[in-house]
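Colleague: Read top to bottom, the protein sequences are chains A and B. Quick note on numbering: our numbering labels position 34 of the first sequence as 34, and the sequence is numbered without any gaps. Quick note on numbering: our numbering labels position 121 of the second sequence as 121, and the sequence is numbered without any gaps.
One or more hints might be untrue.
[To be verified] What follows is a set of in silico ranges between Cβ atoms, one per label pair, in the way DEER data are often shown:
1) B/Ser247 x A/Glu61: 29 to 39 Å
2) A/Gly41 x B/Tyr188: 21 to 31 Å
3) B/Ser247 x A/Tyr36: 32 to 42 Å
4) B/Glu183 x A/Glu61: 40 to 50 Å
It is worth saying that the hints were derived from the structure and are not from the lab. Ideal placement from N, C-alpha and C gives every residue a C-beta, glycine not left out.
Spelled out, the chains give:
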Amino acid sequence: MFQTTVLIASAALLATSLSLKAEGSKPEESQAEQPYTDQLGDNQVTSVKREITKGGGLSREELLQAAREALPINVFPSDPTTDTKPDEQR
Amino acid sequence: MPNSSARIQQVAWPNHEIAVTTNWLNETRSREVPHPAVRVAKNDPDVSATGNPTIAPLKWAGLVLNYAAFEKGGQKYNWQCTGQFISPTVVLTAAHCVQDSKTGAWYDLKKMYFLAQYQNKSFSQSYKAVCASRYDGWWPPQLRSQNAEERNRASQNRFQWDYAMILVDRDSVTGHYKNWAVEWKGKYEDATVTGYPAAMLRGEIIQKAHGEIYFPNFSMANIVALRHNNSDLTQGSSGGAWVANFSKQENAEHNILITVSSFIMKEQSGVSFAAYPTSALRRLFDYVSKGCSR
Numbered sequence: 001m002f003q004t005t006v007l008i009a010s011a012a013l014l015a016t017s018l019s020l021k022a023e024g025s026k027p028e029e030s031q032a033e034q035p036y037t038d039q040l041g042d043n044q045v046t047s048v049k050r051e052i053t054k055g056g057g058l059s060r061e062e063l064l065q066a067a068r069e070a071l072p073i074n075v076f077p078s079d080p081t082t083d084t085k086p087d088e089q090r
Numbered sequence: 001m002p003n004s005s006a007r008i009q010q011v012a013w014p015n016h017e018i019a020v021t022t023n024w025l026n027e028t029r030s031r032e033v034p035h036p037a038v039r040v041a042k043n044d045p046d047v048s049a050t051g052n053p054t055i056a057p058l059k060w061a062g063l064v065l066n067y068a069a070f071e072k073g074g075q076k077y078n079w080q081c082t083g084q085f086i087s088p089t090v091v092l093t094a095a096h097c098v099q100d101s102k103t104g105a106w107y108d109l110k111k112m113y114f115l116a117q118y119q120n121k122s123f124s125q126s127y128k129a130v131c132a133s134r135y136d137g138w139w140p141p142q143l144r145s146q147n148a149e150e151r152n153r154a155s156q157n158r159f160q161w162d163y164a165m166i167l168v169d170r171d172s173v174t175g176h177y178k179n180w181a182v183e184w185k186g187k188y189e190d191a192t193v194t195g196y197p198a199a200m201l202r203g204e205i206i207q208k209a210h211g212e213i214y215f216p217n218f219s220m221a222n223i224v225a226l227r228h229n230n231s232d233l234t235q236g237s238s239g240g241a242w243v244a245n246f247s248k249q250e251n252a253e254h255n256i257l258i259t260v261s262s263f264i265m266k267e268q269s270g271v272s273f274a275a276y277p278t279s280a281l282r283r284l285f286d287y288v289s290k291g292c293s294r
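So here's chain B without its partners, still in its complex pose:
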């Protein structure tokens, strides 16, 4: 991984919006610490994708942290993903961020945290996970089938279920996405991908990239793609929202969450893929909102 710490230190958002927003100031009282400074670096060569976590919609996003989630060579490692509040207490992320995609082991809820507005070695609030749910399509029994063809089919079809919801221990301080859509094909033709890709500023600052939505013509069921042409928007942005009508304005017309990042393909640089959400997503939301219970 390239060492971009110098860039991070003088980060990196050449946009005037951060200076004019008042949201952050109004909320300072309720925060654990003042917000990490977003310093303007006029000469930074490429920060066009850098997002502003102090205003909508990125103020609803954060880092999903799985502490000491796996061990290798006697050392424990932490996993990170992206997530965002879709209600005062429910965080939406990718299913592979709560359950190991290779072993099927659930990440330990006692070591799962949501760090809201994470940026540059700081965050506003930390939330503990209370429960997490995902559809069994993400981990179907056919994945362990002796039949290679069946196993292969299952391993591809499961990506339409690569989303999960986490109920956290208290209400979001900064609010949440109020608009999210399912079965929206034909309604949105472009959107903005968000997330903490490790390849960009070491995943220290949330990124965003706008692009065209299309439905790829391949054998994976119910998958949608977004061509943002940013080849670095990859690892770490899993679970990050795709936002239609991305805007700092908070109203019914803007910031419509339409899915979350699932995977990339080595052969298709600058494209992110995600599950195409159906009404099942709403059912999962209702279920998780009630404490992962019916």
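Looking at chain A on its own, in the form it has when it is part of the complex:
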């Protein structure tokens, strides 16, 4: 009886552990990366970095769909000849 109880408890612990591990290994859902700065010569740079994990991410089909639907990024500064108010648009 005692052995059976220990066995069940061990199995439960193992299952919980595996479940947590699986949850924690979801590759593309970790915390957002925090920007950090460094000095390069006279100028400062800011960077973001992530840990790359095996697998995960979008499939080829999802990437193609996303590319097909993607909108172009663009910026329009103000007219520098007149120094008018900046007018960045999408």
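Please arrange chain B on chain A, whose structure you already have, making use of the hints.
Modeller: Here is chain B on its own, set in the frame of chain A:
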């Protein structure tokens, strides 16, 4: 946006080069899928700007995709830009392609991809972003200044810093730009702009346009312009290379990357603007190559 899907379907490169190149065939084994067909459409009225992504230098270019990068009306949208390999693992693009130019929010690296040789609903390889860096001149504190004049000055001066580099998760399969120049004023008088402008074939095929380089006489610091007279080469080509001595030949004399597209001005149709690169660009490259670390 005009519906040009019919044109895309029968695209669109009336050049014989694609037929004679062997690069693509040699590399087919290492690709995820065969290259999207570039079909010859002899009657297409205007495909003179259509580039060939199977040969140098456009085989080093691709789409920078920021998946679900912004939300509007409960719906998520993706952003696209142009980028290109400048080393086996470093992609050069515009700073506004990695960080929102209005809010300053960085695009999520976990949702940032480089789709090499993207063309007509296909690509050869996808790469994940590992890290991205840009100079703080792109997002200076003065942009939030209470002083309108100071804010205005900052918003114009920052365009000299509109470039960024992305380290990707593995080596480029198709190679990279081997020649790129900084502080090149007086050396190059013309170049070829490249990119995926949405107004041309819906951004499905990389475009190129040759033109004269000049240094505009206005208040923005360190900005260079290129007059290609193609009014459609606009949105989506941000981050695309300006290439001096554009050629399918791969040697030290050809395909010199001299900057990347930054912005256009409504008042100056057919002209693209970019940061004039200094030695700071090389320092950023060294930094990013080491994992965005010193």
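Colleague: Against the earlier hints, flag every one the structure doesn't satisfy and list their numbers going up.
Modeller: none
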